[in-house]
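Trainee: Single-letter residue listing:
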Amino acid sequence: MKCILTVIGKDKPGIIASVSNLLASNNVNIEDISQTIMQSTFTMIMLVNIANSPLSMKELREQLKALGEEIGVSIHLQHEEVFDAMHKV
Amino acid sequence: MIKTSEIIETINMVEKEHFDIRTITMGISLFGCIRDTVKDTATAVYDLICKRGQNIVKVANDLSVEYGVPVVNKRVSVTPASFLTAKFMGEELEVALALDRAAKEIGVDFIGGYSALVHKSMTESEKSFILSIPEVLSKTDRLCSSVNVGSTRAGINMDAVKLVGEVVKRAADITKDGLGAAKFVAFCNAVEDNPFMAGAFHGVGEGDCVVNVGVSGPGVVQHALKSIPNASITELAETVKKTAFKITRVGNLVLDEASKRLGAERGIVDLSLAPTPVIGDSVGHILEEMGLEEVGCHGTTACLALLNDAVKKGGVMACSNVGGLSGAFIPVSEDIGMINAAESGSLTLSKLEAMTAVCSVGIDMVAIPGDTPVSTISALIADEMAIGMVNNKTTAVRIIPVPNKTVGEYVEFGGLLGRAPIMPVHNKSAEKFISRGGRIPAPIHGNKN
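Order-wise, the sequence lines are chains R and B.
Using our numbering, read the first sequence as starting at 375 and increasing by one per residue.
Using our numbering, read the second sequence as starting at 5 and increasing by one per residue.
Keep in mind that the hints were calculated from the coordinates and are not lab data.
Small disclaimer: the values here were computed from a predicted structure and weren't measured.
Keep in mind that a hint or two might mislead.
Here are the computed lysine to aspartate or glutamate pairs in the EDC-like style, where the Cα-Cα straight-line distance is at most 16 Å [as the list claims (entries may be wrong)]:
1) B:K7 <-> R:E443
2) R:K462 <-> B:E10
3) B:K7 <-> R:D406
4) B:K7 <-> R:D458
5) R:K462 <-> B:E109
6) B:K397 <-> B:E435
7) B:K55 <-> B:E10
8) B:K7 <-> R:E433
Derived coverage of chain B by chain R (criterion: at least 3 residues anywhere in the stretch with Cβ under 8 Å from a Cβ of chain R; other residues may be distant) [stated by the list, open to error]:
9) 66-78
10) 252-264
Backbone N, C-alpha and C fix where the C-beta goes; we use that ideal spot for every residue, glycine too.
Build out the structure end to end from the sequences listed, making use of the hints.
Mentor: Quick look at the structure:
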């Protein structure tokens, strides 16, 4: 299942590393990644595939949320179809 | 990949602007449950609802997690129960209790369909059924009731309007703070696939089992309008339309998946801006964002007409089957903007009545003094039904004569039902008019054949 993972917050060293680490250790593949600073806010968007992860989407979300709280950013994981439905005609 | 700004827009809709799937409602036909005795009928009703609806809550929660969009309510609507109880006059309560038990068993928030369709005339059994409504609402927790008393094709059944006024009063009198009346709706031109409560029922033209989805998002629309503070009205309409399109698309996606997982027919998406008492989730505030000092002032009806139409246009493009009530809801107790305006006196019942001519429902969740005469309640319903009948649209009345309270006081329902200031009603009587009985003939444009 393909999902969009977003990380938004104050920029600091190690954000990409810690998120990628968590994904790798749960066998989540990163298929695309973009990172930018929008209005002085760190914004990273990843297209990830969670099909081979041993964790359910709910568990993965909870872990990402906890990581986000730890490093001071907000992390969301949502099914890719939601974004396609909303923004593609 | 989709643009970053679009992804952030979607996330903000859920995180900051209260976008949600307001309800996944499963419609279940109960025609096959009619047996020789009321007891057997009630058992068959209970069993079928438990069988068909056993996974609604799980599927709704799963979809909520996967798509990251909250699914707030899970509901069931059923065949109007007056068809099931026709043979069992005086024993209707038994079926009502079975419906309520089934709702609790499968864990849905509400079950709708303790309903009767009497827009032209009433059978003896339907009359008995309607008279059972107050007691039923006082003895059940999750069951909602409605009666269709008029239509553009049939006119308005004024005998039913008189009876329904009594039902509203009695239901309020025998329940705490009049809560029973908050679970009852009088309709003109009721729709068969409405997923929203309290007026949902599974129409007679529907199949065995269908899933309908109601989306909401007043906060999203308000936010979109906030970002164009100096735009012309044409641009306002365009922005509402685009926003409605986006939120309906998510409803469409959820409907596809929910109906597949529940093994039910794919029904409709009802795109209704349904407010909640939370700040930032108000239809009243959308109208104020358009440039009104406070909702209820002159200009309110025009703003609401614009909003309701733009919502429909955006929604229709986004989904192959749009249905239900689709438009803007204006329930006073459930909308912080409306509550404030009613408190300050800006919003009156007369203005609300005008607003219902251009929005998707009617006088909704309005608290009135407990000593309001029954004939005044019936007359208020008749007015609202007339607006629906002549304008060929659905109108509804959900009004609560709060026992022992009067203008200046409040009633607190809690949760999604919110709180409401008691609003004044007209003090002159329509007793003579209501006591006449009979039928208001259908308007000439109802004869379309």
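Trainee: Now look at each hint and say whether the structure bears it out.
Mentor: Hints versus structure:
1. B:K7 <-> R:E443: Status violated; Cα separation ~26 Å.
2. R:K462 <-> B:E10: Answer holds: R:K462 to B:E10 is near 10 Å, not above 16 Å.
3. B:K7 <-> R:D406: 13 Å, holds
4. B:K7 <-> R:D458: Satisfied, since the Cα-Cα distance of roughly 11 Å is no more than 16 Å.
5. R:K462 <-> B:E109: 40 Å, violated
6. B:K397 <-> B:E435: 27 Å, violated
7. B:K55 <-> B:E10: 41 Å, violated
8. B:K7 <-> R:E433: 27 Å, violated
9. 66-78: holds (count 5)
10. 252-264: holds (count 4)
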